[in-house]
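Each chain is listed here by its residues.
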Amino acid sequence: MVKKIRKHLRTIVQICVAALTNGYAAGFAKGNIYKGASKMVCVPGLNCYSCPGALGSCPIGSFQAVITSRDHAFSFYVVGFLILFGALLGRFVCGWLCPFGLVQDLLHKIPFPKKWKKLPGDRVLRWLKYVILVGFVLVLPLTVLDVVGQGQPWFCKYICPSGTLFGGIPLITANPALQSALSWLFTWKFALLLVLLLLSVVVYRPFCRYLCPLGAIYSVFNPVALYRYTVDHDSCTACGACQKVCPMDIPVHQTPNSLECIRCGKCRDACPHAAIHTATALQRKKNR
Amino acid sequence: MSFLRRNAAALLLLLVAVSFLVIGVYREETELVFRKAIQICMECIGLG
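Chains A and B are the protein sequences, given in the same order.
If you're matching positions, the first sequence starts at 1 in this note's numbering and goes up one per residue.
If you're matching positions, the second sequence starts at 1 in this note's numbering and goes up one per residue.
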């Protein structure tokens, strides 16, 4: 029983976190959203605040909301949250705490004749999420203004599949008034969501790898976060078992804190020499 | 190497994070976030 729980621990945590941060069940029934005070607080993952169940706020959406207001061009509050989560956890958030990451993980479990480790052009495509972060989350919302001088949340409006899946589809389904407002934009976002969901069956986490601006932000914290990996080079033989099992195809023995690592822990379980540790665990081992 | 030295970067960042959060609360950015979060975000759900 304990072994089974250990084997599925990450999925269990992902489901619990998704349920906890989207626990307003009445929202799904009524076709509305939660309006309580906890919505002032950002959750770590890409969790649209227009999800009927959402009890907190999406950091990317919140950031765009502040910088597109007429009051501030920068959000200390949201950036503070991002640095807090990043410095503590890095992309552990992606691997364990993000609801859209959970969806992609579950879809990837669906059997398919040939799974791909990565898309063609992976090396270049990986940088696209940084382009989306700078372009769609920062520059466009700040520079493309309407007649009253306000910007739009470009990433949320034109790209975010989490908003479409967790917010758009449940709200539009339950709320006839919203159905009358459907247009080409929803068609575009739905098509993008569908492509990503289908791709998730074939390639592991395509959105996280190539498009997610939140993953882009947390990635830069991977080398320095309190939760990070180290390799015990006294034990490591560079056998490559870690890379073989890594769903993000990272040579962990060379780059244990790769920007692409979502801390799923498969490398640590697979290493035949128990050479991959969290930074604190290795120090404790050496101190003994 | 002590915990503080090994994790100096992370601890410094945490200090920055807390400072930013305090500045953000002082600037009443929480109100902006809250006001946006309690209305259905038409852009986010694909209705423009």
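Keep in mind the hints are simulated off the structure, nothing from the lab.
Mixed in with the good hints there might be a few duds.
DEER-style ranges, computed between Cβ atoms [as the list claims (entries may be wrong)]:
{"no.": "1", "chain 1": "B", "residue 1": "R35", "chain 2": "A", "residue 2": "A238", "range": "24 to 34 angstroms"}
{"no.": "2", "chain 1": "A", "residue 1": "D269", "chain 2": "B", "residue 2": "R5", "range": "23 to 33 angstroms"}
{"no.": "3", "chain 1": "A", "residue 1": "L145", "chain 2": "B", "residue 2": "Y26", "range": "19 to 29 angstroms"}
{"no.": "4", "chain 1": "B", "residue 1": "I23", "chain 2": "A", "residue 2": "G149", "range": "34 to 44 angstroms"}
{"no.": "5", "chain 1": "A", "residue 1": "L142", "chain 2": "B", "residue 2": "R35", "range": "11 to 21 angstroms"}
Examples of chain B residues toward chain A, derived with CB under 7 angstroms [to be verified]:
{"no.": "6", "residue": "L4"}
{"no.": "7", "residue": "N7"}
{"no.": "8", "residue": "A9"}
{"no.": "9", "residue": "F20"}
{"no.": "10", "residue": "I38"}
{"no.": "11", "residue": "C44"}
If you're wondering where the values come from, they're calculated on a predicted model, not measured in any experiment.
We put the CB at the ideal spot given by N, CA and C, even for glycine.
Okay, the hints, checked on the actual structure:
Checked against the given bound of 24 to 34 angstroms, the beta carbons of R35(B) and A238(A), roughly 54 angstroms apart, lie outside it. Checked against the hint of 23 to 33 angstroms, the C-beta distance between D269(A) and R5(B) comes to roughly 30 angstroms, which is consistent with it. Roughly 26 angstroms separates the CB atoms of L145(A) and Y26(B), a value that falls within the hinted 19 to 29 angstroms. Remark: the range hint 34 to 44 angstroms for I23(B) to G149(A) is contradicted by a beta-carbon distance near 24 angstroms.
Between L142(A) and R35(B) the Cβ separation comes to about 19 angstroms, which falls inside the hinted range of 11 to 21 angstroms. Annotation: L4(B) was flagged as interfacial toward chain A, and the flag is violated, the nearest CB pair being 12 angstroms apart, outside 7 angstroms. Because the beta carbon of N7(B) sits about 6 angstroms from the nearest beta carbon in chain A, less than 7 angstroms, this interface hint is met. Annotation: A9(B) was flagged as interfacial toward chain A, and the flag holds, the nearest CB pair being 4 angstroms apart, inside 7 angstroms.
A cut of 7 angstroms between beta carbons decides the hint on F20(B): the least distance to chain A is about 3 angstroms, and the hint holds. A distance limit of 7 angstroms between C-beta atoms decides the matter here; for I38(B) the minimum to chain A is near 4 angstroms, and the interface restraint holds. Interface restraint check: C44(B) against chain A, minimum CB-CB distance 4 angstroms, threshold 7 angstroms, status holds.
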